[in-house]
Structures are given as structure tokens and as C-alpha cells.
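Top to bottom, those sequences are chains A and B. Taking the working numbering, the leading residue of the first sequence gets 970, the next gets one more, and so forth. Taking the working numbering, the leading residue of the second sequence gets 2, the next gets one more, and so forth.
No lab work stands behind these hints, which were simulated from the structure alone. From the three backbone atoms N, C-alpha and C, an ideal C-beta is built for every residue, glycine too. Any given hint might turn out to be false.
[As the list claims (entries may be wrong)] Example chain A residues on the side facing chain B (calculated, C-beta under 10 Å, incomplete):
1) Ser997
2) Phe1005
3) Gly1010
4) Gly1012
5) Thr1014
6) Leu1018
7) Pro1051
8) Ser1054
9) Leu1058
10) Ala1060
11) Gly1063
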Amino acid sequence: KQEVTQIPAALSVPEGENLVLNCSFTDSAIYNLQWFRQDPGKGLTSLLLIQSSQREQTSGRLNASLDKSSGRSTLYIAASQPGDSATYLCAVPGTGNQFYFGTGTSLTVIP
Amino acid sequence: GAGVSQSPSNKVTEKGKDVELRCDPISGHTALYWYRQRLGQGLEFLIYFQGNSAPDKSGLPSDRFSAERTGESVSTLTIQRTQQEDSAVYLCASSLAGGSLTYEQYFGPGTRLTVT
């Protein structure tokens, strides 16, 4: 069974700082990896989807990388803002139809 | 266009009662997923629908849980004889297709279920 781990569980940074969130998975045979953010009491918002053939994807201040062979993905956030405060989740598909989610990294950006 | 919607947003019920949760996927999305998120925990897959194919029910935790979907439209998740451990946020997601799992999932805001 696929296991997804996210480190750190919580992170607090001052506004303007660049930061990296980590996601690791045990089974490297994945089709893709998706990063989400979840605001308190809300559903998940898709941030980036990286296909297995890609090494990275960028959207604005966000850059996600994927290294299948080592079972790792990172989400880089440049010039962090208070509005970036949320829980960030990564997810990978399993062998069936389900997705496996990490438990997330709770990010707080301090003004 | 409209995103995934879920209703109700909050539901408080007494132990032993049945509840029904509703999900309206994005129009044109053939794949629909239900997940459960307990407080402080990650998302647990419950069930997957793809078009008119038989659903993948492998994640349902017990026979008290069931779900239906008519074609590519609304889905309902039913929990019978609710227990306190059923308290969680129930999230629905849809995507253009499942199968090859190459499409983004779009999530609804969730239904927060509290069983007293």
C-alpha cells in the first residue's frame, strides 16, 4: 500500500521568505502527483498537477518538482505572503482508483 | 463555471440515525470521488464512480456506508445507523476522467458531520 509522508507537519515563516514543503511516497510507480491547499473549514484547492513524465510544474510563485526514482516531491513557494497560510497536501494515485494523501503541512506566514 | 458543490455544509445528528450527503460535480466530469477526513488526519478514500461503470467501493469502511450516482450527475453518500466515529468532514471531488488518473481533481467544500 502506498504511504505518503509530508515534512514538516507545521511551519511558521516571516512574510517574504522563500520556503520548501516536502512530500515523499513509498511506491514510485505513480501516474502523477498533485499538490493542494486546504483553508480551515474549506475543501481542497488544486495547486499543481505533475505528470509522471514531468520533473516540475510552475504556477506563479509556486514551483513543484517530482523525482519518481527517489519517491519525492517538493513544493517551493517564493516570496511568501500571509494569504499563503493554509495546510498544503500532496496526493498520489494508487493502483486502483483511489488517491493517497499526506497528512499535510500547516503553513503560517507571519506579517 | 460552477465548481463542485456539497450539501448540507454542516449536519448534526444523533447516534443511530441515518444521514444522506449530496454532491454535485462539475458538469462534464465523469469521475467522482468521496473521501472522509477525520479531525487532524489525512483524507481517506471511500468510493469512486466513473461514468456508468460499476463503482469502486473498496474504501467504504462498513456496510453502513453506501453511495449512489445517476449517470454523470449528482451523487449521494448515505450513512445508516450513524456512530460517533463517523464524525468527520466528508469531501467530494470530480475530474474529467478517472482510469489513467491523469486529470486534476476538483473538490467541494465538504460536509461536516457531527454525530452526538
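Exercise. Against the structure shown, which of the earlier numbered hints fail to hold, in ascending order?
Worked result: Of the numbered hints given earlier, those the structure breaks are 1, 7, 8, listed in rising order.
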